[in-house]
Amino acid sequence: MSEKIYGLNTVLVLAVVFIIVGAGIGYGVSWAVGPGAVSPTDLGTLKAGFIYVGPIGDFGWSHAHDQGRQFVDDRYDWLETVYLESVPLDQTGNRIDYLINEQGCDVVFTTSYGYMDATIEAGGDHPDKMFFHCSGYKRAANVGTYFADFYQLYYLNGLMAGALTKSGKIGYVAAFPIPELIRHINAFELGAQEVNSSVTCEVKWLLTEWYDPVAARTAAESLIAAGCDMLAFTEDSPTVLQVAEENEGVYAFSHYSPMQSYAPTSCISGQLADWGVMYEDILQKIYLGQYDNTNLADVDYLWLMKEGGVELGGLFDVPINTLFIDDLDAINVTDPILGELSVYDLVMKRIDQMTDINVVFEPFTGPIYDQADMLMIEAGERATTFELLTITWFVKGVIGDPTP
Amino acid sequence: MSIVLIGSSIVTAATFFLIPTLGEILTERSGILNLGVEGMVISSAAAAFAVTYLTGNAMIGVLAGMAVGGILALIHAILSITFNRNQVVSGISLTVFGTGLSGLLGRDFVGRTIAALQPIPILGLSDIPFFGPVFFNKDILVYASFILVPVLWFILFRTRIGIVIRTVGENPAAAYTQGINVILVRYLCVILGGMLCGLGGAYMTVAWMPAWTEGMTGGRGWIVIALTVVALWHPITAFLGAYLFGMFHVLQFSFQLSGIPVAFINMLPYLSTIAFLLAWGILLNKQKVKRIIGAPSALCVPFEKG
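First to last, the sequence lines map onto chains A and B. So for the first sequence, the working numbering puts the first residue at 1; every next one is plus one. So for the second sequence, the working numbering puts the first residue at 1; every next one is plus one.
I should point out that these hints are in silico values taken from the structure, not numbers from a laboratory. What you are looking at is a predicted structure, and each value in this text was computed from that prediction instead of being measured. Even glycine gets a Cβ: it sits at the ideal position worked out from N, Cα and C. Hints are supplied without guarantee of correctness; some may be wrong.
Ranges of calculated distance between the beta carbons of each label pair, as one might list FRET restraints [unchecked claim]:
#	chain 1	residue 1	chain 2	residue 2	range
1	A	322	B	159	55 to 61 angstroms
2	A	389	B	89	45 to 51 angstroms
3	A	89	B	104	19 to 25 angstroms
Please model the complete structure; the sequences and the hints are all you need to start from.
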């Protein structure tokens, strides 16, 4: 994470200084006029509590959230953070109470979908505190939501996989058949098809746990046995990368945390979440009084590449493993709009387009057909956010059952 | 190519089931039920990884894993043999404790990488089509499991030591009157059994999937308990059972496109455990057969002298 921090440092520190000074003045003025809602800070200190569903040592989801927590905690003197890990869903309510009553937290982040209802309830019990729930859709005056999605990155990974596959078969290890994963798998296959229309993507479901390296290993090995030489995954361990590293001619994409070190010669790229910048944004707005316990009902972060919540790579600041850049540069494709260019340039171009403020490229742009050859997204149309969040069908070319 | 890969996956998965099952067979043959397998396996997996990382030597890591397995088993032995506490409660406590302990031991080692035990092809055998790459191009712990099966069988059924162990498990009072130190025999069996569980845990993090992350066994230590029963407390059937379970584990992914619901395939190890229990109950209700294979009569029964 540290390389990442330095990359952004100069710009961010300056921006933050300006914001704090500027908003501090503004806040002082508004305070003089008369404060409306309860602010926990009065520009004093702020205490944030985090509830994780897994151990921070999972090197996946909870680990990434904790990296984000440490990032903001290290950065601001006014901020104090505490966390509870491996909190079972049925304990959410009393752990939130503990964070507020015993630890004196002003704001609590609950970082798993299953905490949704308990977080809303806690919002009712503690109307003077603030809550943020990750990946859910229920909000209240003092409960906001936030999430970062990877589908654009899976599409970019797909471009590379489609260009580099020798067998024409790419594979995907997936934990559970929920819209998030179906969206990821589709994006991966759409990217691959863009550079090589005959590529198929075979899916193996774990259906056990989010975090089950034993099953993930076997699933990856069975994909290799089926002839797949490019593997991506959505589950919470680095296992698929290790399997790729052990098998000659098999390559993989890292997921969630910077996992490239697990497969230095086989990890092509990957998807990285940077919860730190999102936590920074939220906590600063709370600190500066922009968010309080009355105005969170419409606060719903869904960060993609444009917002900097997610980025391409198996390591921060390394979008593509340098070992593969020459290979990607040597393969040319013809894009109807961009003309003939190398896959490497195509990936870079798409990054520019998707980080553009207007997001001038969207992977889910029609015509897109499902597995039964039915037209699901009309030519020229983009899938709506709602369609993407509720998607339950596989695009043509995916080999697998979306309802296993 | 692909059949070799699948066969190879089955062997590596089966080895993870097999080694701790041999340990549990030894433990239960002496009359002690140790439900702490999951705890011992995961703690020793963490310990083996940590020590391998620190020393750079996978074999020292394996020994550390075995030591941790042995020490945890000693706790169970003290509670269940010396203090005659309820073995089920003690074993389950050991599993819960071991799961927590593994998180503590492995805390600083998440995300680290080690040099795993490498496959050592066996000269001559590794060139046999299919069987060579599947069975004889593996790491040393897989070979160890091949050797442990006949060794444990020989000790249990062809030596005086084996008779002593089985007598202690079948009828400790009679063993005691013959001058056998029941307590000592049980202690040794439980500790050695724990060390085999430790070897299984070490196999996981040092050979099979060289990384440590919390909860990585995913509760598969419990399959060992089921396997011990399915195998009727016999090393040879344990070998077959472990490979059958290994096959279920691997083939669940191969059958994903067959139209059979995945959840059903995931159920097979447990469903087959129930089927085997039923079959054994019907087929083996004979005293003569039971002496060779079957639950030791004094399993889970505390022994008090005099």
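A range of 19 to 25 angstroms was offered for this pair. Does it hold for the Cβ distance of residue 89 of chain A and residue 104 of chain B?
Holds - the Cβ-Cβ distance for residue 89 of chain A and residue 104 of chain B, about 24 angstroms, lies within 19 to 25 angstroms.
Take the C-beta atom of residue 322 of chain A and the C-beta atom of residue 159 of chain B, compute their distance, and say whether it sits inside 55 to 61 angstroms.
60 angstroms, holds
Quick check on a hinted range of 45 to 51 angstroms for residue 389 of chain A and residue 89 of chain B, using CB atoms only.
At 47 angstroms between Cβs, range holds.
In this structure, none of the earlier numbered hints is contradicted; all agree with it.
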